[in-house]
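A.B. asks: Residue numbers (the numbering used here), protein chains in the order written: chain S, 734 to 943; chain Z, 734 to 943.
Rather than coming from a laboratory, the hints here were simulated on the basis of the structure. Heads up, some of the hints might be wrong.
Copies of the same chain look alike in the list, so a pair counts if it works inside one copy or between any two.
Said to hold, decoys possible - Cross-link-like lysine to aspartate or glutamate pairs, in silico, EDC-like; alpha carbons within 16 Å at most:
| no. | residue 1 | residue 2 |
| --- | --- | --- |
| 1 | K784 | E808 |
| 2 | K774 | E808 |
| 3 | K774 | D893 |
| 4 | K784 | D875 |
| 5 | K743 | D891 |
| 6 | K917 | D893 |
| 7 | K784 | D747 |
| 8 | K740 | D875 |
| 9 | K743 | E808 |
| 10 | K917 | D891 |
| 11 | K806 | E864 |
| 12 | K876 | D799 |
| 13 | K876 | D815 |
| 14 | K917 | E834 |
| 15 | K784 | E937 |
| 16 | K876 | E811 |
Protein chains: 2
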Amino acid sequence: MARNGDKTRKTIMDTAEALILEQGFSGSSIDRIIDRAGITKGTFFYHFPSKPDLAQALVERFARRDLHQLTSKMEAAEQQTDDPVHQLIAFLAQFESLADEWTAPYPGCLFATFCCESGLFEDRTLAVMRETMLTWRSRIADKLRAAVATTPPRAPVDLDSLADAITVVFEGAFIVSRTLNDPKTVAQQLRHLQTYLRLLFGIEADTRPA
Amino acid sequence: MARNGDKTRKTIMDTAEALILEQGFSGSSIDRIIDRAGITKGTFFYHFPSKPDLAQALVERFARRDLHQLTSKMEAAEQQTDDPVHQLIAFLAQFESLADEWTAPYPGCLFATFCCESGLFEDRTLAVMRETMLTWRSRIADKLRAAVATTPPRAPVDLDSLADAITVVFEGAFIVSRTLNDPKTVAQQLRHLQTYLRLLFGIEADTRPA
DNA sequence: ATGTTCATACCGACCAGATGGTTTAAAAAT
DNA sequence: ATTTTTAAACCATCTGGTCGGTATGAACAT
Chain S
734 MARNGDKTRK TIMDTAEALI LEQGFSGSSI DRIIDRAGIT KGTFFYHFPS KPDLAQALVE
794 RFARRDLHQL TSKMEAAEQQ TDDPVHQLIA FLAQFESLAD EWTAPYPGCL FATFCCESGL
854 FEDRTLAVMR ETMLTWRSRI ADKLRAAVAT TPPRAPVDLD SLADAITVVF EGAFIVSRTL
914 NDPKTVAQQL RHLQTYLRLL FGIEADTRPA
Chain Z
734 MARNGDKTRK TIMDTAEALI LEQGFSGSSI DRIIDRAGIT KGTFFYHFPS KPDLAQALVE
794 RFARRDLHQL TSKMEAAEQQ TDDPVHQLIA FLAQFESLAD EWTAPYPGCL FATFCCESGL
854 FEDRTLAVMR ETMLTWRSRI ADKLRAAVAT TPPRAPVDLD SLADAITVVF EGAFIVSRTL
914 NDPKTVAQQL RHLQTYLRLL FGIEADTRPA
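Working from the sequences, and respecting the hints, build out all of it.
C.D. replies: Written out as structure tokens, the structure reads:
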């Protein structure tokens, strides 16, 4: 049964990520990971030289997927309309419908989990998280600058921090959702963000309540 | 050095809370806690029968302080004005000025940290967090109901989830602030929340940018 | 076809130190 | 006289990590 290293590596990472989202990084011992993954210690250390290396691999994969969502959903929004404000709202609406379908296994963000244990990680690991958040800020802020150029906002706002508000809502809503055991929180909060943008740029409100 | 158990107990809790905010609960071993606190193992277990009991004590104290902030800042806001909308904005403004002064040691929320390791805790511990968040929701939602009674909102909004938005912004902003190493994030995001409320209830914008 | 070589993939016993927790006897402070 | 604290030894279990060995299968030479 040799010769499928990629699949095994993926199994380890998937298992570890799920466990870490439940118990944190420190709380997810290698023994528990390999137990759940159905592999042995030798195999684990064949694929990852150390536990910090696993953390690095996980955070890099998470960041890659996260940035892919940013890009693909932004492109989809750009095909729906030419107006940057409506693009941003459409961008958020996609995440909202995605979150609206969630029910049982509560969502979690690897970044939040690692952030809450940040003292344990190497700089390179935390740097991936920081750079990913800054990429979001930059992409969204670009769109916001285009928006204010065509539609003057009804209140003075700083565009970088308004861009950050999206990340803030995601991270905060994940935590509140899990704490309250309420799967609807993320979708609801994304809806408030859309309402904020609508009000800010003077767009008539959606009929559904935020 | 006997007969001041309360002081020692407080030292243990303060040290543990600070450590947990850096490294998480699992990452904060009892050995490290007593090392930093300058006490011995015997003393620790004299005050706390087990590690889960320490978690419980910490979360209860945190909740108590948190609810005290809610009450005291709400009362202060109620003395500033009679209008519920302005009360809510004043309420948030107090937290904003508080957060605005922060510089070095980045903020953290024990609830967020515990939430990210929630699989490790007993139900009673998680229940304290849940009840605290629900108390916030209920108190803020009351105020929001009073607000919509006097001032009809410019967009249809669900009041419970709008109340939750405050908790969401706190939790999310803590995480983004720490990840980006940016002490201003929390204050900025609280400002956006105020702007949202102002726009929602048709109040002229503040001059400072959000 | 067949035996050999070789890198990849995997196993599981083993290790030293850390973990949460206990015990005991004695010393301080009130 | 009682509460609080210390110091140190002790325990079973868990921790991240190492190591020698094994199975696999494709490549290659024969």
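A.B. asks: The structure should be examined with respect to each hint, and the outcome stated for every one.
C.D. replies: Do the hints match the structure? See the list:
1. K784 / E808: neither (36 Å within a copy, 49 Å between copies)
2. K774 / E808: Answer is neither; intra-copy 43 Å and inter-copy 58 Å both fail.
3. K774 / D893: neither (45 Å within a copy, 48 Å between copies)
4. K784 / D875: neither (37 Å within a copy, 48 Å between copies)
5. K743 / D891: neither (41 Å within a copy, 41 Å between copies)
6. K917 / D893: between (27 Å within a copy, 12 Å between copies)
7. K784 / D747: Within one copy only: 15 Å inside a chain, 29 Å across chains, cut-off 16 Å.
8. K740 / D875: This pair counts as neither: shortest intra-copy Cα distance 38 Å, inter-copy 53 Å.
9. K743 / E808: neither (28 Å within a copy, 53 Å between copies)
10. K917 / D891: between (29 Å within a copy, 12 Å between copies)
11. K806 / E864: Result: close neither inside a copy nor across copies, 19 Å intra and 36 Å inter.
12. K876 / D799: Close neither inside one copy (18 Å) nor across copies (37 Å); limit 16 Å.
13. K876 / D815: Within one copy, since 11 Å is at most 16 Å while 39 Å is not.
14. K917 / E834: Intra 9 Å, inter 34 Å, cutoff 16 Å: intra-copy only.
15. K784 / E937: For K784 and E937, the Cα distance exceeds 16 Å both inside one copy (51 Å) and across copies (53 Å).
16. K876 / E811: Answer is within; shortest intra-copy Cα gap is 10 Å, inter-copy 39 Å.
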